[in-house]
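Novice: Take a look at the letters that make up each chain.
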Amino acid sequence: MAEKTTKSLQEVTIRFAGDSGDGMQLTGTQFTNTTAILGNDLSTLPDFPAEIRAPAGTLFGVSGFQIHFGSTEINTPGDACDVLVSMNAAALKVNLGSLVDGGVIIVNTDGFNDRNLKLAGYQNSPLKDGSLSRYQVFEVDISKMTALALKDLSLSSKLVDRSKNFFALGMMYWMYNRPMEPTIDWINKKFHNKPEIVEANIRVLKAGWNYSETTEIFAVRYQVSPAKLAPGRYRNITGNQAAAWGLMAAAKKANLDLFLGSYPITPASDILHELSIYKHFGVKTFQAEDEIAGITSAIGAAFGGALGVTTTSGPGVALKTEALGLAVMVELPLVVCNIQRGGPSTGLPTKTEQADLLQSLYGRNGEAPIPIVAASTPADCFQMVFEASRIALKYMTPVFFLSDGYLGNGSEPWLIPDFKAMPDISVKFRTNAEGFFPYSRDEATLTRPWAIPGTPGLEHRIGGLEKQHITGNVNYEPQNHEMMIKLRAEKVERIANDIPLAEAEGDAQGDVLVVGWGSTYGAIRTAVLRHREKGNSVSQLHIHYLNPLPKNLGEVLYKFKHVLVPELNLGQLVKVLRAKYLVPALGLNKIQGLPFKAIEIEKKIDEILKGK
Amino acid sequence: MATLVEELIAKTGSPAAEKYTAKDFQSDQDVRWCPGCGDYSILAQTQRIMPDLGIPRHRMAFISGIGCSSRFPYYMNTYGFHSIHGRATAVASGLKLARPDISVWVVTGDGDGFSIGGNHMIHLMRRNLDINVLLFNNQIYGLTKGQYSPTSEMGKVTKSTPFGSIDYPFNPASLCLGASATFVARTLDRDPKHMQATLKRAADHKGTSFIEVYQNCNVFNDGAFFQFTEKETKEDNVVFIEHGKPLVFGKEHDKGIRLNGFTPEVVSLKDGKFSVNDLLVHDEKDTTLSFILADMTYKPHLPRPVGIFLAIERPVYEEEMVRQIQFARQKRGEGDMAKLLNSGETWVVQ
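As they're listed, the protein sequences go chains A and B.
Counting from 1, one number per residue, gives the positions in the first sequence under this note's numbering.
Counting from 1, one number per residue, gives the positions in the second sequence under this note's numbering.
Treat the hints with care, since some could be wrong.
To be verified - Straight-line distance between alpha carbons at most 20 Å, and here's what the computed EDC-like set of lysine to aspartate or glutamate pairs gives:
| id | chain 1 | residue 1 | chain 2 | residue 2 |
| --- | --- | --- | --- | --- |
| 1 | A | Lys420 | B | Asp336 |
| 2 | A | Lys253 | B | Glu7 |
| 3 | A | Lys190 | B | Asp336 |
What the hints assert, rightly or not - Covered stretches of chain A (in silico footprint by chain B; criterion: 3 or more residues with CB under 8 Å from a CB of chain B, positions within the stretch not fixed):
| id | segment |
| --- | --- |
| 4 | 421-431 |
| 5 | 450-458 |
Everything labelled a hint here was simulated from the structure, so no lab data went into it.
Note that the structure is predicted; figures quoted are calculated from it, not measured.
In this text, a Cβ means the ideal position worked out from N, Cα and C, and glycines have one as well.
Construct all of the structure, not just a fragment, from the sequences and the given hints.
Specialist: Below you can see the structure in the form of structure tokens.
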């Protein structure tokens, strides 16, 4: 056996890349779960094509999964990868640009035959023409090794080929000192009805490990120690799973039934899938005939006294627009989850973007204010969708919960909250018929009563026509209309009394304040921390409540010489801040369907500090 | 633990329904349809049969979309929701799924239900939620002041079709049968007795009930159905279909419908060639027959069929949903959120 040395690393970024049918998402997810169990901090970025099984070997069919993990705080999936596992020539071509100089490339040589090279647009094989001399290249015939490991199992060649991702996973487990048991347990559970698949996958996984252990190809393996995370019990969680669980938690804490009306759409469908599992929690999921029926059924359920929810992405919100106005008018609680993706129109279904903020704020006919909250990390989706539900129920209003493809599909370790210690959401249906009017309002919150069918004596009618103040009767009088518009706006504005104040992370004043919202949190944090380590006066403010904004936001902004607002759009929050607070805030904008790299924000801050 | 809604249902239980009269179902709102509108009759017949249903008023909800017909909920002293154009069926579906204990009624028109809301309509039919749908078909857009509708006849001259409509009309009964509806009926605004009987049957039906009401818009499409509703012409132009009875019609009950192969034809009972025994006998459980009868609509040489085309049983969507939930609870126990959060792969950091 070859002599092996072990090196210790603080952090590393690995990218698994192959055909969309090669199982790269599964490989990445398995590596992630095992890494989480080992106690590393981590962040992941799945990056896959919209096509389910794009033609094999093509550039547009490449599917990637990046994981950044370490013994230190990890806030992003990594600007660049240290290791690229490339199952074919196209995967190499698409991903080489994200590899650091001197980085490691592990290639499946079988994926570099003439046909693969041609499909990837290579004239000559990059493995032979010296173009990869800047990197450490390890050539392994993964396909052949996989076939050899399975040769006595008489499986179809298709099944054999499908197992090869486990060989790559086995190699990476060896290289980064990860145990195979969690994945072996998973295989046993997942394929318990198909013993031949269990046998094949476990065999190939072990073959990958043993190959790395035995051959002389790898001289070094790495150790990444557990991160110093706050004490407690952790799990790994994706944003969409966290959102689903946050909705269930809110319904339980409000003692209401949860009703989801939804139409499948990428990248939001996983919330529908997840909630569909929990029938024993009384969750009712309704896969409607379209986006409009998704939201209107949720409004109908809310009329009946349920926590009504609809989940979608930008194009779906566009279709729900008229119903959102109805929810504003009838003042019923409703949570609208927008897992944003690249737009406009069908846009980039599987890529991330945060270009629906202005749609959420203004995208309706008439004056129709809707509160908005946004999650900043995958696990934060739990907390913020819980907040969306709380606000919707307390203030009888539709509320937007904004996430995006990167948060929804990305994952991170999550300190599991103590459910019993979470606050209750107090809901009281109106039952007293005496003095009941459907549009009388609570003095403090301006909220109208929730009187649900089945309550004797409270029979009343609601609808999309303008209401008379207090009685709720249809009314077209000019003064009444203006008053009702103002009351609905004021009701939303007063929510500012019920949300946390804005607080800069770092210093309360200084040269640069980087203001963000949504999924840019990790990249901004990394960039700001790097500047602060250098002694620069740079702080961060991340906004979770976008409508209404925190009451003191202006005061926080005014204390900095420069305000920088990085966004994955053409500048939406920055417009709002400039309009509302008259601050000369600057935008940093990226619209590539990918999250920010920390270095991009770091450089922009540099420019500002240098007065460029 | 019982949810707030379960507690409310338990408290408000089902007291022996009060002795209601039609008046108890009239709200305090002035009815604002045009004088002479067919909608008045539908409202009156609906309010008249409500006391017979034995359902407490607070357990009823009328849901509508947009259009003249959709003002209906404002006039019913029950829970009501005047929603947005075409979506009443979807709003009603959500309410019924959240609250299977509520008697849910949808009021819609030919534009609301079969143009802008056509998609939700057909999906409601196939799912078979226990909801009653009243279609006020006047073959015109009234609220927007006189454009043709998806049930207007070809050639119809309206504000938007000055040279005559070139759209072929839907036959709502056939469309709903095609969408696998379990109860499909047609009645007439000027035949209160027939309408009341049909409404009661619809209310008793378990599953989605669809009733098309031929309704006169006396402002924009006056007389569209007069040949079927007026004394002088009705009996020769309408055949009332009744379960187990032969299809006889005509002023002197001297005509009938016979099946020639699969094709219905009018035969005379006077000339000695055919007797009542040769006529088609209606069976409202027969789906094939329901298609044949509904297809008689718009055929100029055949009388217009009015009555219950189909009334069959099929699993009801919201009951299936509740059944799945109960089954899951039996199998896995009531869901425990704290346990769920801590399930699967977890680890402890000291």
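Novice: Holds or violated: Lys253 of chain A and Glu7 of chain B, Cα atoms, limit 20 Å.
Specialist: holds (16 Å)
Novice: With a C-beta cutoff of 8 Å, work out whether three or more residues of the segment 421-431 of chain A approach chain B closely enough for the coverage to hold.
Specialist: holds (count 3)
Novice: Is the straight-line distance between the alpha-carbon of Lys190 of chain A and that of Asp336 of chain B 20 Å or less?
Specialist: violated (24 Å)
Novice: Between the segment 450-458 of chain A and chain B, are there enough contacts, at least three residues with CB-CB distance under 8 Å, for the coverage claim to hold?
Specialist: holds (count 7)
Novice: Keeping to a limit of 20 Å between CA atoms, is the pair of Lys420 of chain A and Asp336 of chain B held or broken?
Specialist: holds (11 Å)
Hint compliance for this structure: hint 3 alone is broken.
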